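Heads up: the protein sequence lines correspond to chains D and Z, in order.
First residue of the first sequence? That's 77 in the working numbering, and the numbers climb one at a time after it.
First residue of the second sequence? That's 53 in the working numbering, and the numbers climb one at a time after it.
Bear in mind the hints are in silico, worked out from the structure with no lab data behind them.
Just so we're clear, the structure is a prediction, and the values are computed from it rather than from any experiment.
Every residue, glycine too, gets a C-beta built ideally from N, C-alpha and C.
Incorrect hints may have been included.
[Said to hold, decoys possible] Lysine-lysine pairs mimicking DSSO-like chemistry, simulated, CA-CA at most 30 angstroms apart:
#, chain 1, residue 1, chain 2, residue 2
1, D, K119, D, K90
2, Z, K85, D, K218
3, Z, K297, Z, K233
4, Z, K99, D, K218
5, D, K218, Z, K211
[As the list claims (entries may be wrong)] Pulled a few chain Z residues facing chain D out of the computed Cβ check, cut under 7 angstroms:
#, residue
6, P109
7, L113
8, A117
9, L127
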Amino acid sequence: MATRIFACPSARLKPEQLLEMFWLMLLSRRLDERAWALHRQGKIAFHISGMGHEGAQVGAAFAINRGVDYVHPYYRDLALALALGITPTDFMMSLFGKKDEYSSKARQMPSHFGSKKLNIISGSSPVATQVPQAAGLAFAIKYKQQTGLLDPDDTSQPRLALACLGEGSTSQGEWHEGMNWAGVHRLPFICLVQNNLYAISVPLEGQMAVPHVADRAAAYGVKGVWVDGNDVLAVYDVMAEAAQRAYRGEGPTLVEAKTYRPVPHSSDDDDRSYRSREEVEEWKKKDPILRFEKHLMDEGILTQEQLDEYETRARAAVDHAQHAAEAAPDPDETDALGEVYAD
Amino acid sequence: MTVLTLIDAIKQAMDEELERDPRVFITGEDVGKRGGVFRATQGLYDKYGGTRVVDSPLAELSIVAIGIGAALADLRPICEIQFADFIHPAFNQIVNEAAKMHYRSGGQWRVPLVIRAPYGGGISGALYHSQSVEAFFTHVPGLKVVIPSTPYDAKGLLKSAVRDPNPVLYFEPKKGYRAIKGEVPPGDYTVPIGPARVAREGRDLTAFAYGMMAHYTVLAAEQVAREDGLDVEVIDLRTLLPVDKAAILTSIQKTGKALIVHEDNLTMGYGAEVAAVLADEGFEYLDAPVRRLAGPDVPAVPFAHTMQEFFMPNPDKIAAAMRDLAEY
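Make a model of the complete structure from these sequences and hints.
See the structure below:
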């Protein structure tokens with residue numbers, strides 16, 4: 077059975093770190109909302125949302141060595157990407173498919189995050205393909221440490237690999253094979269499953285016969301933990317423990333962050349066909365941003381005045397990003413021909 | 053010069069690359085203590101240890117995916133798929149992931165990965181230990197596909213594959229592992245990925261082939277030279293992707309007649325692309341229809357020896373096809 081970890085590293089986070097976490101969650105939400113609006117206005121072709129997942133993602137990002145450790149994300153990881161160093165303008169350039177867009181030169185659909193300089197691996201759209209690759213990244217870390225190519229204490233180098241995916245993706249054979257390698261070789265690997273209860277329309281019980289994704293970890297000799305994914309600090313706590321286990325060479329962890337997607341799967345989906353409005357409204361009350369906001373205010377870390385200022389800043393950042401992307405040139409037609417092979 | 057078998061040349065290339073670059077490692081099923089089911093990695097586990105010669109779980113997609121991840125982290129994995137027939141579970145990782153990573157990241161990420169796999173029939177391996185799978189992958193931009201037919205090329209091309217910044221599929225004609233012998237210089241040399249090789253010069257017609265069929269085609273050319281006075285040029289394609297159009301066109305300018313030989317089944321096989329290059333850019337040099345000699349369009353090589361013999365091209369069948377084309 078999965079176990080809960082009761083250590084509490086989040087108690088050591090400083091107020092400015094907590095406020096940065098809150099800022100990134102808020103910025104991600106406002107950027108995401110703008111993307112939906114741009115799609116409704118017919119200005120962009122596609123959006124896939126990370127709404128509701130911001131707590132799980134920012135909690136995870138702050139627990140690892142951001143921009144250094146390998147991250148192999150999935151298409152809902154907007155808040156994670158922002159926390160790792162992707163900018164709102166980067167994201168808007170992806171939405172509009174503009175020349176020299178940061179992740180793929182506008183070859184991929186939006187939200188396929190990737191950046192060599194931030195050690196974010198470019199992902200594809202078939203789900204779970206990133207899991208065995210991330211195990212391979214973790215394998216390389218361990219290999220380099222064992223063969224003297226890497227100093228295990230060098231914090232300027234990657235010391236773990238994090239893969240993210242949804243609960244539906246854990247039905248894939250690729251997930252199984254990646255988890256199996258991670259377990260067999262005790263790799264410095266974290267698999268963060270953002271369980272939002274639906275794989276497009278198919279609910280959790282149509283994907284697996286166990287109540288928690290984390291229960292599956294036992295089959296691989298991997299530590300399994302589930303956590304309230306709408307509680308950013310709780311996610312931080314379990315992720316920090318998982319990261320420390322990886323850094324210490326104690327092996328992989330499967331973290332299941334239980335959350336909810338309060339919007340359709342993508343701009344092409346209509347979720348009214350598979351779930352009730354009442355259910356969605358109930359979950360919106362558990363929104364990770366509202367929850368963290370209340371916590372920070374109760375603790376006297378965030379004031380209404382600061383919150384208003386964050387909202388103003390977020391709006392300005394999103395406006396600026398949108399305008400910059402709209403003004404940027406489209407790719408040349410022949411940009412389709414580049415980078416088929418590396419030199 | 054030392055005379056080595058094909059498989060010993062492959063092993064020597066891996067040994068020297070492991071020695072040369074600490075980022076090189078091998079993984080696959082039974083590659084460790086067992087030294088591979090064909091013995092391609094024999095002795096390497098004892099020499100380099102289990103950290104660098106790594107027995108994998110029995111799961112092909114993750115053999116490749118672990119290799120992709122390690123390559124992204126700047127290691128130089130050599131992944132062995134025990135038989136090419138077993139590569140299909142890894143198809144998504146090869147075609148959707150390794151091949152597209154450089155393009156889909158706008159040139160940021162690269163996958164310097166080698167996937168080795170024994171392929172081909174004639175060893176009583178039946179449907180699932182005899183397949184030729186190259187045509188699935190030669191259709192995929194972003195991959196390189198290499199098939200050696202001599203020990204010299206096997207060593208030099210494998211070294212080039214290890215040092216290439218792209219994913220390279222390196223298919224080995226397993227029927228020739230011990231049957232094909234040749235001179236291999238000791239120490240380091242490479243054979244570049246890309247250019248085909250003129251295996252035998254000739255004037256009357258050109259036979260294009262690769263792998264075991266290149267070996268057979270040279271034997272057949274010698275046979276028709278002896279018996280019929282025919283002077284056949286043999287082009288060992290050896291790199292299938294990228295396509296060496298220049299070598300194809302240079303030879304057809306000289307001979308005017310083309311026979312393409314492969315043991316993969318005929319329809320949509322690699323010969324179709326060679327024929328298309330000839331039709332498109334070599335049309336005015338052709339003096340005869342482009343002919344293909346290939347396996348029949350059945351799902352795979354059957355087990356019983358009669359049916360296997362029927363399926364496989366061999367020197368006699370190739371010689372007959374040469375005579376037939378020469379008479380046109």
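Comparing the hints with the structure gives:
no.	hint	in the structure
1	K119(D) x K90(D)	violated (40 angstroms)
2	K85(Z) x K218(D)	holds (21 angstroms)
3	K297(Z) x K233(Z)	holds (28 angstroms)
4	K99(Z) x K218(D)	holds (20 angstroms)
5	K218(D) x K211(Z)	holds (25 angstroms)
6	P109	holds (6 angstroms)
7	L113	holds (6 angstroms)
8	A117	holds (3 angstroms)
9	L127	holds (5 angstroms)
When held up to the earlier numbered hints, the structure conflicts with hint 1 and nothing else.
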